[in-house]
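K.L.:
What follows is each chain in one-letter form.
Number of protein chains: 2
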Amino acid sequence: MTSSNGHRTPHAGLTIWLTGLSGAGKTTIADRLETELVARGRRVEKLDGDVVRQHLSKGLGFSKEDRDENVRRIGWVAHRLTHHGATVIASVISPYRDIRAEARELIGDFFEIYVKCALDVLVRRDPKGLYAKAFSGEIPNFTGVSDPYEEPLFPELTLETANETVEQSVDRIITRLEEAGLLVEPAATVA
Amino acid sequence: MTSSNGHRTPHAGLTIWLTGLSGAGKTTIADRLETELVARGRRVEKLDGDVVRQHLSKGLGFSKEDRDENVRRIGWVAHRLTHHGATVIASVISPYRDIRAEARELIGDFFEIYVKCALDVLVRRDPKGLYAKAFSGEIPNFTGVSDPYEEPLFPELTLETANETVEQSVDRIITRLEEAGLLVEPAATVA
Chain A
0 MTSSNGHRTP
10 HAGLTIWLTG
20 LSGAGKTTIA
30 DRLETELVAR
40 GRRVEKLDGD
50 VVRQHLSKGL
60 GFSKEDRDEN
70 VRRIGWVAHR
80 LTHHGATVIA
90 SVISPYRDIR
100 AEARELIGDF
110 FEIYVKCALD
120 VLVRRDPKGL
130 YAKAFSGEIP
140 NFTGVSDPYE
150 EPLFPELTLE
160 TANETVEQSV
170 DRIITRLEEA
180 GLLVEPAATV
190 A
Chain B
0 MTSSNGHRTP
10 HAGLTIWLTG
20 LSGAGKTTIA
30 DRLETELVAR
40 GRRVEKLDGD
50 VVRQHLSKGL
60 GFSKEDRDEN
70 VRRIGWVAHR
80 LTHHGATVIA
90 SVISPYRDIR
100 AEARELIGDF
110 FEIYVKCALD
120 VLVRRDPKGL
130 YAKAFSGEIP
140 NFTGVSDPYE
150 EPLFPELTLE
160 TANETVEQSV
170 DRIITRLEEA
180 GLLVEPAATV
190 A
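Protein chains in written order, with numbering that gives the first Met the number 0: chain A, 0 to 190; chain B, 0 to 190.
Take the hints with a grain of salt, since some may be wrong.
[Claimed, not checked] Computed footprint of chain A on chain B; a stretch qualifies when at least three of its residues, placed anywhere within it, have a C-beta under 8 Å from a C-beta of chain A:
# : segment
1 : 51 to 58
2 : 81 to 89
3 : 96 to 102
Since the hints were made in silico from the structure, they are not lab data. Cβ atoms here follow ideal geometry from the backbone N, Cα and C, with glycine treated the same way.
Isolated chain A, as found in the complex (with noise of 0.2 Å):
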């Protein structure tokens, strides 16, 4: 990333792919996240699922079909801010395997987390009553409720958000992210 006269070269673009389910931290973490990257000097593209939709994906819905159409939307804007050198944070459910795949495959510098937090402790906390709406039927097709989430199977890293704080999560991700040469310390650039 850097030049023999200490002059940064532009970084590597990279996909940090969060999913798990709906009240699990993704968007917390992938805040937090995002000022740790900036100060380490990477441009990030925050693509947060609910987000996103409104931009991408207006009249989906919340079949599989959709579903995999609006994470496919994602996984392909995600290639291409990639290819152009930024740092993308996708948090996104996701629940399917197979189109997470797609999304590695496609993208090549993509690095999964599995925000990971057990059913009833996120049933316990439901601050937007959004689990209670799910389980009285109100909210159909709700990923962990009526609809599947098929937890990853090699993740780069799983986060365990019921027993650690968002700032341990996120220490645990720039940890991982250096061990892996792919953050570079600010420090390192400057001749």
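Starting from the known structure of chain A, fit chain B onto it as the hints suggest.
P.N.:
Coordinates of chain B only, in the frame set by chain A:
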């Protein structure tokens, strides 16, 4: 774009937006322009309207509402790529003035090129037989035939593709980009 010691710093992003009727030459010009810009050290992303439809707009048709939504999605992706320093070449019919204006406002660094060709010339050429099908009614909602095309009022450049070669068109684009200070000659970035 160039630091005082001649080391190249990342380019600022830019979206070059080619609008015009089907067959007017947008894709051909985009391809040739890409080659020229890559030779000048730009990271180029081509967003072809027909190609992007496959990635972002499956299920959308050609009503005004669906066309607008498709163009909005391309505009949003161009915006994010431009933000990350890419030179985006969007080639998309984008027949409606207000949606092009939306893209311009969103993206900011926006260079609109009207790829202009008279309808009778397009009908005479018609290599894919699309205009014949449009006039027979086999293809409905065809821009310029059964659907409106609103010419740009103040494009950064108008190319008259019935009267100039592709090389001439691309030369004119490069010249205008240089005049606008939007290109840095490769020689200038070497110490």
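K.L.:
If you test the structure against every hint from before, which numbers come out violated?
P.N.:
As far as the earlier hints go, only 3 is violated by this structure.
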